[in-house]
Amino acid sequence: MSEFHNLNVGRLWSVMSWEQLTAFWERIDPAAGWYVYAVGEPVPAAPAQTEQVSAFIAQIDALLRKEHQHDYCGIVYADQLDAPGFVKIFDPNNLGVSCGFSDNPPLPGWILCRVPPDDLKPAVPLPEGRKRWWRALFD
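Add 1367 to the 1-based position in the sequence shown for the working numbering, that's all there is to it.
Capping the alpha-carbon separation at 30 Å, the derived lysine-lysine pairs in BS3-like fashion look like this:
no.	residue 1	residue 2
1	Lys-1433	Lys-1498
2	Lys-1433	Lys-1488
3	Lys-1498	Lys-1488
Cβ pair distances, simulated, as ranges:
no.	residue 1	residue 2	range
4	Ala-1429	Arg-1394	14 to 20 Å
5	Ala-1412	Trp-1385	29 to 35 Å
6	Gly-1400	Asn-1373	14 to 20 Å
7	Thr-1389	Ala-1412	30 to 36 Å
8	Asn-1460	Gln-1387	19 to 25 Å
Honestly, the hints are just simulated from the structure, not real lab data.
C-beta: ideal position from N, C-alpha, C; glycine also.
Take these sequences, add in the hints, and give me the full structure.
Structural data, given as structure tokens:
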């Protein structure tokens, strides 16, 4: 198994509140060699540029706060909350059972990781709106 696989199926901690999310983003060094992967898009071959990581964090934060209309976050997970190296972000429009136990848990919408990601091969294509959002960031 790859290091990515082990991180992806390993224990992750949830960012529960919006205040925690704000502090969490500040712990991510955009220059630290992050792969930014939109599940359903081609797997990145190289880490994103510092500016791309910063833009992604700003845009995903805005998207989550707009579309996950709850008084808590609970859809961002990391291997370590104080010094993250692997981050799963669930799409607010495709949550299914993102926490707890499920025989068929939903795939995250996006992953930030410091190791090369594996193709997670989603069963359904990415919605066109998400594709446009993603491509506006990285094309």
